[in-house]
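Hey, can you work out the whole structure from these sequences and the hints?
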Amino acid sequence: MTDPNDQKGFTVWFTGLSGSGKSTIAEMLYHEFQARGLKTEILDGDVVRTNLSKGLGFSKEDRDTNIMRIGFVANLLTRNGVATICCPISPYKETRDANRELIGEFVEVYVHATLEELAQNRDPKGLYKQAMAGEITGFTGVDDPYEVPEHPELVVDTMVQTPRESLQAVLTELVELGYLETDEVMVEGGRLHSGLTDLRVHESGNVVDES
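Numbering of the sequence shown is given in the working numbering, commencing with residue 5 and proceeding in unit increments.
FYI, nobody ran anything at the bench for these hints, they're computed from the structure.
Please read all numbers here as calculations on a predicted model, not as lab measurements.
You can take every hint at face value.
List of simulated lysine to aspartate or glutamate pairs, EDC-like, C-alpha gap at most 16 Å:
id, residue 1, residue 2
1, Lys-133, Glu-120
2, Lys-97, Glu-157
3, Lys-43, Asp-10
4, Lys-97, Glu-154
5, Lys-64, Asp-147
6, Lys-12, Glu-45
7, Lys-64, Asp-148
8, Lys-64, Glu-151
9, Lys-97, Asp-68
10, Lys-64, Glu-98
11, Lys-133, Asp-148
12, Lys-97, Glu-65
13, Lys-12, Glu-109
14, Lys-133, Glu-121
15, Lys-12, Glu-185
16, Lys-97, Asp-148
17, Lys-97, Glu-151
18, Lys-129, Glu-139
19, Lys-133, Asp-147
Across the chosen pairs, the derived CB separations fall in these ranges:
id, residue 1, residue 2, range
20, Pro-149, Leu-60, 14 to 22 Å
21, Phe-62, Thr-186, 35 to 43 Å
22, Thr-186, Gly-142, 41 to 49 Å
23, Leu-60, Glu-139, 18 to 26 Å
24, Asp-161, Lys-97, 16 to 24 Å
25, Pro-128, Val-179, 30 to 38 Å
26, Val-189, Ala-102, 26 to 34 Å
27, Asp-187, Val-152, 22 to 30 Å
28, Gly-138, Gly-193, 37 to 45 Å
For each residue, glycine too, the CB sits at the ideal point set by N, CA and C.
Right, here's the structure in full:
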């Protein structure tokens, strides 16, 4: 267990298309950090929009403002020794890079899944299909750009990896970067929902297994 008073803050920034698996891996990582005795917080794009960024739309300017607000809070948390997890889509390289420069202790993880995979297999609300049919506009990855990270610390491919395998890759990377002492997965089975992501929650209070 890590002494929270000695903890060095850092930010793990998950980026990827909607439905790629960012919140799932972020939620799992949150419980891993807790199991290690780390102070930790999650900043999820949708949750932040409801609170910190209420009233913002989806123009590029508003998206950038939302992402920079997430980065501002992540920086405050990181400076105060918190293992901070961010999982907004964050489609634009410029704002991701600006947050990297601001925060410093910044680990970018690109969560990869193709548009075809998302539209065919991970579209419970039918939003991708509506966007591809032109029924809704400004949808990231369809008619609004998503700029793939050029030099992330890590790429996880949720089309070939299970969530646990993606989590393992993140833990291993964090050990290699010196942020964690062990990459052992400490939390198995059902996970109590953090309340900090937009993942569905079971009446038991656990995260709903979507697989």
